[in-house]
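Got chain A sorted already, so can you dock chain B onto it with the hints?
As a plain string of letters, each chain reads:
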Amino acid sequence: MPKPLMMTPINDDSPRLGASFRDPSGFMFTRNGRLYRQVNQAYQTHYDALMGSGLYDRLVAAGLLIAHSEVAVEPADPALAYRVIQPERLEFISYPYEWCFSQLKDAALATMTVQKLALEAGMVLKDASAYNIQFQNGRPVLIDSLSFEIQKEGEPWVAYRQFCQHFLATLVLMAHVDVRLGQLLRVYIDGVPLDLAARLLPRLTRLDLGLATHIHLHAAAQKRYSGRSVGKVRGKAKMSRMAFLGLMESLENTIRKLQWKPAGTEWGDYYTASASHYSTTAFENKRQVVGRFLEQIKPHMVWDLGANTGEFSRLASERGIPTLAFDIDPAAVELNYRQVIEKKETHLLPLLMDLTNPSPGIGWHNRERQDLFSRGPADALLALALIHHLAIANNVPLPQLAGFFHDLGRWLIIEFVPKPDSQVQILLASRQDIFPDYHVEGFEAAFGALFTIHERVPLSDSGRVLYLMEGK
Amino acid sequence: MGNDLFHMFVSMPWFRPQAYLDPNSGSFLIQLLIGGLVAVGFVLNMFKGKIKAFFGRFRARKEDAQTTDDDTNK
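Chains as they are written, first to last, in the numbering used here: chain A, 11 to 482; chain B, 11 to 84.
It is worth saying that the hints were derived from the structure and are not from the lab. Some hints here could point you the wrong way.
Capping the alpha-carbon separation at 27 Å, the derived lysine-lysine pairs in DSSO-like fashion look like this [what the hints assert, rightly or not]:
#1 K162/A <-> K246/A
#2 K267/A <-> K353/A
#3 K482/A <-> K308/A
#4 K126/A <-> K60/B
#5 K126/A <-> K62/B
#6 K246/A <-> K233/A
#7 K58/B <-> K126/A
#8 K267/A <-> K58/B
#9 K248/A <-> K58/B
No experiment lies behind these values; they were computed from the predicted model shown.
Just chain A, same shape as in the assembly:
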């Protein structure tokens, strides 16, 4: 049974989503477990323009905007309401700090494409938050149907600052400094401050016209005009259509030029280098057993924890099961996502996640962006070649590990990696063995307290054991 989303109640029957409070155009609410969006009267003209201009149809047909239907449901706040719409359901809400470089880049480019199509229809994006993009069927899609407004002739882009902070600054830092700086989005919920980005970037980036203007000059202008009103200038200065379109093209080109190539991945060569700890027989045996377990339990959704590049996640996704492939290594997630794009896979979403410090609830009231557990539980978890990293490298006692998995999913397909295994020996090489209970019996006792162990299959040619368990 899925846990309720983080919500702020308007009334008991129709709680409003915790992230849906800034924009007076409308808000999201749930009723009877269904998700709706109230469109407010204040937004009526713009909503009608979106629907009537053909823009909505074009965007939905291009897979760039989430489809919705207008429904005859009592609004959550009738005094303000114009319409209630029901957006298509997403399997999972992920956040930009859980995306790899190419996912964030594709999300930025999707936003620019939406903007271009909107401009052709006489509309413009009034916000450009990375949180308005989600991955559906493997591709980025705008989920906020109220992000458009009729364009005011001559006015600069109101969401320019937000686009630069959410997308451009983060991508530039990932590409030019360190890919791990994508995690800054976890700290700065409204995107990376431009002065910080400008300070962290190498001086050479000032020679790139796009970065010199959209980051360095932009940061300097923000500092220069901080706290000053632009009311008078706003009234007089106009931005020509050519200047506006030029700005959009320049932003898009700057984003397109940014590249990051995975190198030195921690686990990226795990399977190819598997000869040292897996024989071909053991590897094939593992694939076959995991596949059989999946056939047996037929889960609605699988979360593969420690998925590396998604070798075993694909056993689920290729069976048509929506699958999330979590890994701590940005390079592994990047390689996995590139495969998703190359093979046009629609059921697999690779995501960046440190299981020793999973995404927390952040933002206003800690409710704007949900923690990982609130977005679960998953129907089934895969935890293959993972437990030794958590139990030995991170010192988590086995009973606490069992509790962690129990909170995260119903079914558990887990591999126990014993101490004599070469991978465990590597972890123990530089430290004292303070894990007297880390053995099959200790593992089964700890997990058996919270799970019913349905099957245990020793992997041939290996001391490892695969388990199929169900939460009690």
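Chain B only, in chain A's frame:
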């Protein structure tokens, strides 16, 4: 006329109660500058095909004339 009225209508402050983002003064102003800079490039880029075609035609004519001259001199 209709178009002007429409733009007057959408320019009224009450028309945009939903413009909830603070665009930031610096971000707002810098766009005017960057927009001015990139507009030239954008227009050139837009007409790149036409400019190329124009010079292509010009060169072709010149080459034709050259060929005709050569033929005449034979």
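We went through each hint and held it up to the structure:
{"no.": "1", "hint": "K162/A <-> K246/A", "result": "holds (14 Å)"}
{"no.": "2", "hint": "K267/A <-> K353/A", "result": "holds (23 Å)"}
{"no.": "3", "hint": "K482/A <-> K308/A", "result": "holds (18 Å)"}
{"no.": "4", "hint": "K126/A <-> K60/B", "result": "holds (23 Å)"}
{"no.": "5", "hint": "K126/A <-> K62/B", "result": "holds (26 Å)"}
{"no.": "6", "hint": "K246/A <-> K233/A", "result": "holds (22 Å)"}
{"no.": "7", "hint": "K58/B <-> K126/A", "result": "holds (20 Å)"}
{"no.": "8", "hint": "K267/A <-> K58/B", "result": "holds (21 Å)"}
{"no.": "9", "hint": "K248/A <-> K58/B", "result": "holds (26 Å)"}
Figure legend: structure checked against the earlier numbered hints; every hint is met.
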